[in-house]
Structure formats: structure tokens, C-alpha cells
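Just so you know, the protein sequences line up as chains R and C, in that order. Numbering-wise, my numbering puts 24 at position 24 of the first sequence, and it's gapless, one number per residue. Residues are numbered in my numbering as their position in the second sequence, beginning at 1, plus a constant of 1000.
What the hints contain is simulated information worked out from the structure, not anything from laboratory work. A couple of the hints might just be wrong.
[As the list claims (entries may be wrong)] Subject to a maximum C-alpha distance of 30 Å in a straight line, what follows is the list of computed DSS-like cross-link-like pairs (lysine-lysine):
no. : chain 1 : residue 1 : chain 2 : residue 2
1   : R       : LYS285    : R       : LYS309
2   : R       : LYS45     : R       : LYS79
3   : C       : LYS1118   : R       : LYS309
4   : R       : LYS234    : R       : LYS151
5   : R       : LYS45     : R       : LYS369
6   : C       : LYS1110   : R       : LYS369
All values derive from a computational prediction rather than experimental measurement.
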Amino acid sequence: MLWILIAMVSSASNKTLLDVKNVSVDFKTVGGIVHGVKKNSFYVKSGETLALVGESGSGKSVTARAIMQMLAENAVLGKEMEVWFNGTNLQTLPEIEMQKIRGNNITMIFQEPLTSLNPVYRVGDQVAEIILKHNKITKKDALKKVISLFKEVHIPDPEARLTQYPHQLSGGQRQRVMISMALANEPDLLIADEPTTALDVTVQSEILLLLKELQKTHGMAIILITHDLGVVRKNSDRVCVMRYGEILESGNTDDIFENPQHPYTKHLIASEPSGMPDSIPETAKELLRGNALRTVFSIKHGSFINRKKLDLVAVDDISLTILEGETLGIVGESGSGKSTLGMSLIRLQSSTGGTIEFNGNRIDQLTRKEMRPLRPDLQVVFQDPFSSLNPRMIIRQIIGEGLIINKIGNSRKEREVLIKEALNDVQMEANVMDRFPNEFSGGQRQRIAIARAMVLKPKFILLDEPTSALDLSIQAQIIDLLRDLRRKHKLSYIFISHDLKVVRALCHKVLVMQHGRVVEEGLTEKVLANPNTSYTKRLVESSII
Amino acid sequence: MVEQTSSPPVEADNLHAEAKASHSLTYWQLVRRRFIRNSYGMMGFIICILIIFTALFAGFIAPYDAQSGNRKVLYSPPQLIKIHNSESGFQRPFVYGFTEEMDPNTFEIKFIPDPEKKAIIRFFVRGSEWSFLGIKSNIHLFGSDDGVRIYLLGSDNLGRDVLSRMIWGTRVSLLMGVLVVICALIVGSLVGMSAGFFGGLYDLIVQRIVEFFKAFPDLPLYLALTAILPRRADPIMIFIMFAGILFLLRWADLSREVRGKVLSMRSLDYVRAAEAVGASNSRILIRHVAPNISSHLIVWSTFQLPEVILLESFLSFLGVGVQPPMVSWGVMLNQILDFQSFAAAPWMMAPVGMIILTVLAFNACGDGLRDAMDPHSHG
């Protein structure tokens, strides 16, 4: 099935559209010159999709921006660089000529569709502006063209959308608007920089499908920049694997995936989450139970006189139990109330109704002070390791804080032993203790965040999307680590995620949420193999190949 | 089955870390590095240090004290430092004294340099006694021996040395700035932090109070100072009350800024993580919130200080601020409030130069610090 698709797309044409030689980009920073991209060469044939794949910081986006000459001011381009596009060397063109090419012959779509649209203009006008800039037609005709473009990218009710502002559209629709903008002048080459990363999984697959469809009808080439191997495998003809600004390996997508040559590529492909959670003993006791939980945010709006109250139900009548040593996965799209549910369970978010029992004792009525003795047992690891560690504290202080607060360990030395143990648990050296968080990579920071939770010897950890901000290969390591820790310390987890692949690898049970309600729950294998509701079905289809 | 997934070990992660660790710096090291690169800010910083040094060791640097003067040398113009004369060629720096002559037509008094009254400038000479932090001494950086006074920036209506008074004035002007900024800093950040952190009714009340202070029309209030402050009060009392009023009108802005910062910080994950390990509110405020607004406070102070100095000199110039016998730059300018004395002795404008230099230096320093601490803030 996959092969047929690729064969269809790649048969379109064989003319080389873009030929890039020796792209190298250096950045001048306070710390000296940083090499962003080192002498890369690649080409794109018309009508094909080339994927630039690599982890964050590998120079994918910088390479693409160097082609477009859209780099930050401190960037220095290599002297030997040549960018041949349709027979002209873009490097030699003056800026005015380049402006004609940007948005006309080569266009770009970005990761974050909210920030790449101007919030104070109507979307119709924004798209029309691009058309007017490069064509001599009236505004009326341009708007007509916008409507047909919106139809092409499957925006429902395009006439009405014209006069809407970006915030009135959903993330997926905004990305469709961005794509229609990119298509407006029938480009020969579309550069898509992580076009689906900020979107929910089900929307992701729709957008990628749309891109593929448009590529066929317009016969344009696409450079697809992504870190997601699943996206690469499904959507590209050829692939360049990048690391530290260098292209390590390039070739046909199927060749690379079947028979990777470079060890890094092998490593990347092997780091797709796999495996199954190990079974829990039948005698396991119940650890945490939530009964008919309900969390409502009341939002006040309206004028002073005409004050209205709007109740937003984030968690609606959800009951769940977690056994000792068990992992419960909570999946759902953004805004479905996953995090609120998790935070309510450990009382970091106050709930409006329902009961919570921990070890058989009610904890939902406890005050913040009364909760304090229980805090070491109920820990949390957050999604973003860059905001979850205080930048002004060294690692010793970050991990040791919980010990000091909960009066664990009598002396400095005793605490230090405990901190070392926790660092050892997360497979980090003890000598990192006197360093600041900014000296560590995302994966290491997440390990430190886990160590902060582990040092208190908790019984339960709430994992709030702990891997979604991390690169693929690091993600796999963190999942292994979490699995090991669970086995070693008989931990229970709630694992919040939107990535079903990770959930399959880690969770015994899964709970699918939509709009604050549970739509499906049960053993992970069963739910993923035979989804009952259409929502779960869509989730499964879009995230698992 | 788990083994198969733990595939190539932590290789990639480690490589990454090594690449980073080789040139990893703490936040303050980075700030220092960025600041040193900024030559304009660095220059401002050096001048600031010099000004502060001048203020601290005014007694040593100023050749004379601020009050005593020579009644015979009123409105003497600045003396030019010379190192050469026709008789004895090059020699140690010296100045000529003046003889006064009256123009027979205009009755204007003229000061003519008189080679007879030569005063040699010497370093580390003994003079009037000064004390600073328990150090008592009568040594001055420079001066002239054998009791002859030199006036490098001229003298005023009481025959006092303008240069010396300007140096002494640095102390009062700077002290006023530092006092006001520190008080506003403490109150503003405490109020802002607590309001932003605790929110609710407390925040509501505090915000109304802040608005009340911000609504004060400041210029009429300063002018009304003359009426408020007791005329015959001790100059030090007046100085403190004056500083108090300046402070009352300054803390409100800062508390607003800090409140906003804390509000956004409260929802950050590391604050919530601290809550999850059981940290109390005061601990979160002291350990997590305060250190992260410190850079903002430092930058705020360096921008606020010159503003207060300007305001002080302006009000003292109008005669409503610092009162003599205390000397501040504004008080010195107050002496040439009328046109005639300005025309007769333009050198008494010298403190203006000092004010401009100070304001520029502190602003340059603040600019540099802001860029160094938060390189993304401007744009």
C-alpha cells in the first residue's frame, strides 16, 4: 500500500528543481562562533518530497532558512554555498529579486500556525495580500481566488471564514489557512517546517494527507522538515538524516528504513517506542481511587453590570482506580482535561466534586497543610523539562529541596547520600550536583526532574506528558528508565500522553478522554486492538502505523 | 522483551551533553560576559564606579571642605592649570592667583591673573580635617601649600571652592538617589510579590492603593513640599522627609511590574513542582520567585537612580528640596537662580555637567545590564 503511493508520487517527474551545494551556516554568539550547518549538499526533484529528519538542534530548519535567505542577523553563510533553483543561483540574487521568489516560487509553512498568522487581520485579507503582492489583479478577484484556495484545502464554509480572525479558527484550520497561503501563487517548491508538530494527532494525519493531495494536483516539490519518523516514512520519497548540522545519510525513504547504513540512523529507527509493560501481581492492593471526580473552572466575563459566569467542565464525572505497581495511561487530545484530572488526583488542582482515596484514606477534604505529610508519596513530573527546573538553583538544591521541606535526612551529608542515590536511579553521575539546569540537554533535565520526584521515595508519580517535549531517541531512553524505576521501586504511574505508541509500551490500562469525559477505558492491548468508539479508532489509526 | 528496547545506550544524549558542557556557563557568568562585551555599557559602569568612589571619599578628593570660604575671593573665575611660564620654563603644575581691578567705565570688577601670586599644586597635602567611617585625616588628594587657596572651578558668592562643593554634593545627591531607590525597591518588590502570589482580595486592595499613589499629581505635590516641610527644621530632617516623599511616589510602579512578573511565574512548572514536594508559600516566594525577578530589580534600580538624581537637583534648584547648609548639586545651582549671578559667574553651572555625566553613566550602565541579562527583551 505504502509502496504504491510512493511509486505514484515519485513517477511524476525527474527534473532536478533545487540543487543545494555546500550549505554552511555559522552563528556569531557571545560564546564565540557556533557552527549551525556544515557543508551540506542535497537536491530536490520536481514533484517529489524530500524529508529532512533529525532531532532538535540538528540544523534542519536552519538549512531550509538558508535556502530562503531568511536567517537571523548573526548568521554567516558559507562562501562556497550555491543554491541552484530552476537554473539560477539564488545566492547571487539581490534581496529584491529574492523577495519575488519568496512567496511566489518557493514558499514556506511553519510549525506554529497561531503565531505565523497576524492576529489583527482577517484571514481572507492575509491570504489575499500574498496574491496581490505577486499578481496584478483587483482585490475582489484576489478574494475570489482565496475562496477557491480555501475550498482546495478543505476549509468548511470558505465564504464565511474569509472575514474571521485567526483566533476564531482551530489549530488545524489555521494550518490549512497557512497552506492555502503557501499555495496561493502556485509555488514550485513548498518548504514545510514541522507543519504538524503543534497539532493533535488526528489533525496531523489530515494535514499530511492534504499536503500529499495538493502535491499531486499542483505537481510541486516539498521539503518536509520533521523529527517524527512515522511522518517521514508515510510521506516522503527521499530522506536526509541530519545530526549536529551534518547530513549523515540520504537516500530513498524505503531504503533508509529497510537498510540504514549510518549507526545514528539505525539508532534513531530503533528508538521508536516498543515493548510491553510487565505484568503486575494479582494480589496488588489498590493505591489511589477517584470517585465521580468533577473539576469545573468558572470563568467570569462580560461587563461590570452584565457579569456572566461561564462554567467550563474540565473533568466530568470520572472514576478510576490504580493498583500498586500499575500504570494507567490517560490519552486524549489537547484540551480534553487529561492534565486537570491528573493534577486533581494529587490535589495540586482543587476539584469541585467527587472523592479521592489514597491508601484507603480520603484525601479530597484535606487542606494544603494537611496534605504536606502525604506529598512525598504523591509526586509529579511535568511535560516541559525547561520550565520545570528553577534556572537559578543548582541540581543539588533542586533535588534536595523536597528532603529539606519534608525533613528527610538529618544532616547535609545524609541528604547528599540520598540525592546521589536518586541521581543513580536516573542513571546520572553524582558530579552533576553543582551545575545549573541550563547546562543540560532536554533528556538530562527530564532525568533530573524524575530524580527530584524519586528522592522522596514516592508510591505514585503523575507523569504529565514527560516525553512529548523530547527527541525521539531520548524519549525511548526515558521510557526505559521509567519502566526500570517502576520495577525497582514498585511505583504506580498515571501516564498522560497523546502518543499511543508510548502508551502501548508503558501502560497496563488506558483511559481515553474527550471533552472532559471518558469515552473508552480498559486494558491497553484490548482498547488499542479493538477500539469501540470512533474517536478512539481515529486516534489509533493516526498514531500507530 | 524490555532488553531489546534499551537499544544503543545513552550515547546520543551523552554526546550532546559533552558538546554543551565544554562551554557551559552559569547565568551570572553569561551576564558578565555579555556586559563586558558592551563597550558603551562598560564605559558607563566605570564612570559610575568613579562617581560612587568620589561620593564616598569626598573628603579626600575635595581640596577643601564645603562650608569654609575666603571672604576676599568672591566670584573668582576658574584658574587655569599651567606647567610653563616664560621665566622658569617647564615646571610643576601651578596656578596664578588673581588681582581684582575695577573697570573705570563700567565699574565691573575684573580678575587679572597675577604672576606674583603663584600657587604650586601639590599632591597629598594637609588641609582641613575630614572623617569617613571612622578614618580621620587631614590629607587631601591635591591642593596648594602655604595656605593659598586654589579655585580650579572658581568660587561662589561666599568665596567657597565650587569644585570642592561639587565633590561634596556628589555625596548628598547620590545618597538621596540610593536611599529613595533602595526603599522603593524593598517596598515595591515586597508588595508586588505578595500581591501577585497570593492574589484574591489582598491583591485587589493592594492594587487600589497602588492606583491611589499613582494618581497623585507629582509636580504640584513637590511644590507643596515647601508648605509641608517645616522651614526651620534641621536640614537632615528635611533631607529624610524629602527622600520619603520621593520614595512614596516611586514604589507603586515597581510593585505593578513585579506583580505582573510573579503572576506569570506562579503558573510555571518549577513553582508547581515545589508545591508538589510540599513547599510552603514563603519558601516558594523566597527560593523560587525572588531569585528569578532579581535581574529585573537590578535593571530597574540602575534606571531609577538617575531619575531620582535629576528630580532631586531640579527640586533643590527651585529651593524646595535639600536645604543648605547641606550641599547637593541642586542646592549649588540654586545659588545662580537669578540671571545676574548667572551672567557674573557662569562657572557655577559646573554641577550641571556632573548631573549630565551621572545620568548618562547610570543609564548606559542600566542599558548594558538589561541587554546582558535579557538579550531577548528588546526588539
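Status of each hint after checking the structure:
| no. | hint | verdict |
| --- | --- | --- |
| 1 | R/LYS285 with R/LYS309 | 42 Å, violated |
| 2 | R/LYS45 with R/LYS79 | 25 Å, holds |
| 3 | C/LYS1118 with R/LYS309 | 87 Å, violated |
| 4 | R/LYS234 with R/LYS151 | 25 Å, holds |
| 5 | R/LYS45 with R/LYS369 | 65 Å, violated |
| 6 | C/LYS1110 with R/LYS369 | 82 Å, violated |
Checked against the numbered hints given earlier, the structure breaks hints 1, 3, 5, 6 and satisfies all the rest.
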